[in-house]
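Chemist: Sequential numbering from 359 applies to the sequence shown in this note's numbering.
No wet-lab data here; the hints were simulated from the structure.
Virtual Cβ for every residue (Gly too), placed ideally from N, Cα, C.
Do not rely on the hints blindly, as some may be mistaken.
[What the hints assert, rightly or not] Computed list of lysine to any residue pairs in SDA-like fashion (alpha-carbon distance at most 20 angstroms, straight line): (1) K539 x T563; (2) K505 x K578; (3) K539 x E389; (4) K530 x A414; (5) K618 x E389; (6) K393 x D447; (7) K530 x L442; (8) K465 x K612; (9) K391 x P521; (10) K465 x V400; (11) K391 x S503; (12) K612 x T432; (13) K530 x M396; (14) K618 x A518; (15) K426 x K530; (16) K421 x D402; (17) K505 x K391; (18) K612 x L516.
[What the hints assert, rightly or not] Here are the in silico distance ranges between beta carbons for each label pair: (19) V443 x E392: 38 to 48 angstroms; (20) N498 x E574: 31 to 41 angstroms; (21) K486 x A414: 13 to 23 angstroms; (22) A414 x M460: 41 to 51 angstroms; (23) D519 x I464: 27 to 37 angstroms.
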Amino acid sequence: MSKRVWSVFAGMCGLAMLTVCAIPSGAQMAEVKEKPPMYSYVADWQIPRAHWADMASANAADKAILDKAIADGTIVGYGNDEVLVHQPDGATHDDWWSAMSMAGLIKVLDQFYASGNTSSPALESATKHWDSIFVSRYYNWHPGSYKGGYTRAASYRLKADAPDDAIDTLSKHLVVPLLEKMLSDGAISEYEIDTEAIHTQAPGTFWIVSISSSPEGLDKVDAAIVDTLKNHPLSGPAFGSMTDSSAHRDELSKGDGIYK
359 MSKRVWSVFA
369 GMCGLAMLTV
379 CAIPSGAQMA
389 EVKEKPPMYS
399 YVADWQIPRA
409 HWADMASANA
419 ADKAILDKAI
429 ADGTIVGYGN
439 DEVLVHQPDG
449 ATHDDWWSAM
459 SMAGLIKVLD
469 QFYASGNTSS
479 PALESATKHW
489 DSIFVSRYYN
499 WHPGSYKGGY
509 TRAASYRLKA
519 DAPDDAIDTL
529 SKHLVVPLLE
539 KMLSDGAISE
549 YEIDTEAIHT
559 QAPGTFWIVS
569 ISSSPEGLDK
579 VDAAIVDTLK
589 NHPLSGPAFG
599 SMTDSSAHRD
609 ELSKGDGIYK
């Protein structure tokens, strides 16, 4: 996801804290509350360039299993992406699906193993592969499918002395209000704030993820964040008081998906 945009986004989070204080209580948006946990399984792949075209066939083979799972309510969304900003040791592609229970995730994974789809020629060509399971309590989306959507994911790490409820505080008062506005304005079609459900990275890491259905959506997000920073210059230090900027990373990918 775009480093420039999400570096700016880091500053945005302090904004809502200032906004809550500045806007009369009657004009403030509805209180943000955490939702039931949503779990996401993400499979990352490093595929040699010569086999990139083969991933389309692999994704098509997965579709029947995923469509059935979303139709019967086992999962609430799924998709796949190609990474646009490549790193020497990073992923080139990913597959993901989301469910309202860990059981939903694993049932789909079991079906993939039973079907033999996990041993397709494209996946067998991978030079690296890793999986992650995330959980989110702050998320929202517009139902429906998208093609060629742009997914931004920015990872942050809390400082050692950040309060235990730091992610909840940042989500409720800072991040979610702006993401909800961008969702309402059509700049994004989905967002979530993730932590690891199965921990494979450093404690205190969290991710801010959003999907724009078009390149213009990326510009709208840029403009909204820049405008926010301009009007609230203290927002950066507010976010920085809880997060370690040296651990910040971004990803930008493009792909197809659907949410129920």
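Chemist: Are the hints correct? Go through all of them and say.
Modeler: Results of checking the hints against the structure:
Under the criterion of a C-alpha separation no larger than 20 angstroms, the hint pairing K539 with T563 is inconsistent with the structure, at around 25 angstroms. For the proposed pair K505 and K578, the alpha carbon gap of about 19 angstroms is at most 20 angstroms, so the pair holds. At most 20 angstroms may separate the alpha-carbon atoms for a hinted pair to count; K539 and E389 meet this at roughly 14 angstroms. Simply put, K530 and A414 have alpha-carbon atoms about 38 angstroms apart, too far for the 20 angstroms limit, and the pair is violated.
Taking the CA atoms of K618 and E389, the gap is near 25 angstroms; set against the 20 angstroms cutoff, the hint is violated. Only pairs whose Cα atoms come within 20 angstroms are accepted, and K393 paired with D447 is rejected, the gap being roughly 35 angstroms. Between the alpha carbons of K530 and L442 the distance comes to roughly 30 angstroms, so the proposed pair goes past 20 angstroms and is violated. Taking the CA atoms of K465 and K612, the gap is near 26 angstroms; set against the 20 angstroms cutoff, the hint is violated.
Of the pairs offered as hints, the one joining K391 and P521 holds, with about 18 angstroms between alpha carbons and a cut-off of 20 angstroms not exceeded. At roughly 14 angstroms between alpha-carbon atoms, K465 and V400 fall within 20 angstroms of each other, so this suggested pair holds. Simply put, K391 and S503 have alpha-carbon atoms about 26 angstroms apart, too far for the 20 angstroms limit, and the pair is violated. With a C-alpha separation of about 25 angstroms, the suggested pair K612 and T432 falls outside the 20 angstroms cut-off, and the hint is violated.
For the given pair, K530 sits about 17 angstroms from M396 by alpha-carbon distance, which is consistent with the 20 angstroms threshold. Distance check on the hinted pair: K618 and A518 sit about 38 angstroms apart at the alpha-carbon level, beyond 20 angstroms; violated. Between K426 and K530 the alpha-carbon distance is near 34 angstroms, which puts this suggested pair outside the 20 angstroms criterion. For the given pair, K421 sits about 17 angstroms from D402 by alpha-carbon distance, which is consistent with the 20 angstroms threshold.
Restraint check for K505 and K391: not satisfied, since their Cα atoms lie roughly 30 angstroms apart, outside the 20 angstroms limit. At most 20 angstroms may separate the alpha-carbon atoms for a hinted pair to count; K612 and L516 exceed this at roughly 28 angstroms. Between V443 and E392 the beta carbon distance is about 31 angstroms. The supplied range of 38 to 48 angstroms is therefore violated. The hint said 31 to 41 angstroms for the Cβ distance between N498 and E574, and at roughly 20 angstroms that hint is violated.
Here the CB-CB span from K486 to A414 is close to 20 angstroms, well matched to the stated 13 to 23 angstroms. Evaluation of the 41 to 51 angstroms hint for A414 and M460 yields a failure: the beta carbon distance comes to about 29 angstroms. Against the hinted window of 27 to 37 angstroms, the Cβ-Cβ separation of D519 and I464 comes to about 36 angstroms, which satisfies the hint.
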